[in-house]
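Input sequences plus hints: build the corresponding full structure.
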Amino acid sequence: MRLVAVPPCAGAGADGQMALMARAACVTSVWIWVVTSRDAFCMGTGNPRLAPTYYALVTSGPSCSAARSDCEGIYYQEECERAAIELQLSDTSTGSATKVYSNVFGCSYKIAASGSLLYNYYANSGTQCSDSDQCLCKCSGGTVAPTAPTSYAIVTSGASCSATRSDCDTIHYREDCNSAAQALVLNDQNSGSSVNVHNLPAGCSFTLGSSGTLTHNYRFDSSTACSASKQCVCKCSGTVASSGTWQAISTSLACETNRAGADGQMALMARAACVTSVWIWVVTSRDAFCMGTGNPRLAPTYYALVTSGPSCSAARSDCEGIYYQEECERAAIELQLSDTSTGSATKVYSNVFGCSYKIAASGSLLYNYYANSGTQCSDSDQCLCKCSGGTVAPTAPTSYAIVTSGASCSATRSDCDTIHYREDCNSAAQALVLNDQNSGSSVTVHNLPAGCSFTLGSSGTLTHNYRFDSSTACSASKQCVCKCSGTVASSGRAKSTDTAWDA
Numbered sequence: 001m002r003l004v005a006v007p008p009c010a011g012a013g014a015d016g017q018m019a020l021m022a023r024a025a026c027v028t029s030v031w032i033w034v035v036t037s038r039d040a041f042c043m044g045t046g047n048p049r050l051a052p053t054y055y056a057l058v059t060s061g062p063s064c065s066a067a068r069s070d071c072e073g074i075y076y077q078e079e080c081e082r083a084a085i086e087l088q089l090s091d092t093s094t095g096s097a098t099k100v101y102s103n104v105f106g107c108s109y110k111i112a113a114s115g116s117l118l119y120n121y122y123a124n125s126g127t128q129c130s131d132s133d134q135c136l137c138k139c140s141g142g143t144v145a146p147t148a149p150t151s152y153a154i155v156t157s158g159a160s161c162s163a164t165r166s167d168c169d170t171i172h173y174r175e176d177c178n179s180a181a182q183a184l185v186l187n188d189q190n191s192g193s194s195v196n197v198h199n200l201p202a203g204c205s206f207t208l209g210s211s212g213t214l215t216h217n218y219r220f221d222s223s224t225a226c227s228a229s230k231q232c233v234c235k236c237s238g239t240v241a242s243s244g245t246w247q248a249i250s251t252s253l254a255c256e257t258n259r260a261g262a263d264g265q266m267a268l269m270a271r272a273a274c275v276t277s278v279w280i281w282v283v284t285s286r287d288a289f290c291m292g293t294g295n296p297r298l299a300p301t302y303y304a305l306v307t308s309g310p311s312c313s314a315a316r317s318d319c320e321g322i323y324y325q326e327e328c329e330r331a332a333i334e335l336q337l338s339d340t341s342t343g344s345a346t347k348v349y350s351n352v353f354g355c356s357y358k359i360a361a362s363g364s365l366l367y368n369y370y371a372n373s374g375t376q377c378s379d380s381d382q383c384l385c386k387c388s389g390g391t392v393a394p395t396a397p398t399s400y401a402i403v404t405s406g407a408s409c410s411a412t413r414s415d416c417d418t419i420h421y422r423e424d425c426n427s428a429a430q431a432l433v434l435n436d437q438n439s440g441s442s443v444t445v446h447n448l449p450a451g452c453s454f455t456l457g458s459s460g461t462l463t464h465n466y467r468f469d470s471s472t473a474c475s476a477s478k479q480c481v482c483k484c485s486g487t488v489a490s491s492g493r494a495k496s497t498d499t500a501w502d503a
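Under this note's numbering, think of the first position of the sequence shown as 1, with each following residue one higher.
Among the clues, some could well be false.
Restricting the straight-line Cα-Cα distance to at most 30 Å, the calculated cross-link-like pairs of lysine-lysine (BS3-like) are [to be verified]:
(1) Lys347 <-> Lys386
(2) Lys230 <-> Lys386
(3) Lys358 <-> Lys347
(4) Lys99 <-> Lys138
Simulated from the structure, these hints should not be mistaken for laboratory data.
As structure tokens, this is what we get:
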């Protein structure tokens with residue numbers, strides 16, 4: 001395992017809580033770090049921790065340091081805005097910097113109307129920190145106990161978030177509304193301009209429709225209740241996970257089932273979060289990771305192609321159709337189809353209802369929302385289905401490797417194979433952190449290895465060559481980028497799916 005010097009978890013990441021970090025990896029007596037080619041995660045192990053640097057509001061004294069010995073002022077405009085975001089202030093943009101006597105020196109938050117973030121570089125300012133001119137300060141020191149992460153939830157009944165769930169509250173700021181929608185993976189994740197209306201719930205809501213609409217309503221005296229059609233999007237207080245477990249920062253959703261993540265294997269998932277006796281799930285607002293705990297597991301939801309019957313459910317009792325265009329494309333990616341974009345949705349009789357893959361030339365992914373379609377699943381019109389059920393044993397994760405000798409990937413390594421799709425070529429380059437991670441348009445040439453290759457040069461060039469009969473071998477200068485079958489880690493050990501380390 002690689003051990004590298006890294007700063008302590010910044011802000012997020014209390015004991016038992018997972019935090020998204022800059023890329024790094026280590027294990028200490030206090031922190032466990034998990035790394036992929038893109039991100040790193042940090043989990044507490046049950047001990048108190050040194051308090052990281054954090055931001056705070058000071059409301060008295062001539063300056064941050066005069067009011068609190070563990071704090072100092074913020075004297076960079078960019079950091080001022082970052083602190084405002086961290087503190088979830090209503091204004092997170094300083095606008096133009098000023099040099100005036102009437103504002104606090106450095107970063108401050110003026111309480112007026114909705115509040116204004118200010119950055120003033122006049123060092124001789126006579127204005128002090130106060131309730132109306134609050135100083136934004138950078139503080140550190142001491143130890144802190146675990147804190148409950150913020151989570152989000154959908155509430156579909158009751159007068160408000162808090163009326164239905166005592167641990168939840170209305171979302172007051174538009175930025176928080178958008179963040180909640182992203183964490184909950186709603187179809188609409190941008191509320192646009194705030195509105196002031198009576199016919200929507202107060203705060204953040206999601207109105208069902210063709211694709212759904214996210215809205216932030218700052219009429220907080222609205223009497224419109226949360227309902228199935230006008231769903232309240234709420235901000236809730238989470239719970240601190242037990243020592244050694246993984247807890248979501250951004251959401252406490254139930255596990256989103258997915259076939260990646262076998263026992264002892266760390267896998268990048270769609271967003272989800274939970275802890276059970278079988279699975280440990282790790283979540284941020286963007287991604288989720290899953291590690292097995294050593295037990296057989298219920299087979300999670302996965303995607304499959306069905307080639308007979310009027311529909312997915314008619315052909316297989318454990319399957320159902322896919323009726324969202326975005327999920328249709330996600331399923332195609334998961335199934336590694338040659339076409340993973342549906343283009344424009346159609347409403348026609350001649351295509352399968354829902355998501356299908358038409359076998360013609362290179363294959364076409366289609367999304368058809370005509371429920372009365374007469375076209376059935378077949379070998380030529382394959383239905384993409386969402387299926388579940390049963391139990392499965394741990395499976396080895398996919399990994400990637402560079403091969404520099406031999407006629408091909410499999411000729412040199414029996415556990416590896418040529419990469420056939422351009423998208424997989426780019427994914428492999430990202431996982432291996434190559435200098436070039438975009439192969440551009442595929443080529444068909446004899447002077448490069450078949451499939452995915454990385455040619456050394458000033459910065460290196462990634463290429464996908466679909467001339468699979470190419471006789472050019474893997475070499476030190478024309479390196480083959482290969483897809484390999486990994487090994488399942490031992491129970492309780494985290495294993496990366498895209499980097500060569502385990503703990």
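Hints and how they fare:
For the hint linking Lys347 to Lys386, the alpha-carbon distance of about 21 Å falls within 30 Å, and the restraint holds. Restraint check: the Cα-Cα separation between Lys230 and Lys386 comes to about 27 Å, which is no more than 30 Å; the hinted pair holds. Of the supplied pair hints, the one linking Lys358 and Lys347 holds, its CA atoms being roughly 16 Å apart against a limit of 30 Å. Note on Lys99 and Lys138: the hinted pairing holds, with a Cα-Cα distance of about 21 Å set against a maximum of 30 Å.
In summary, this structure violates none of the numbered hints.
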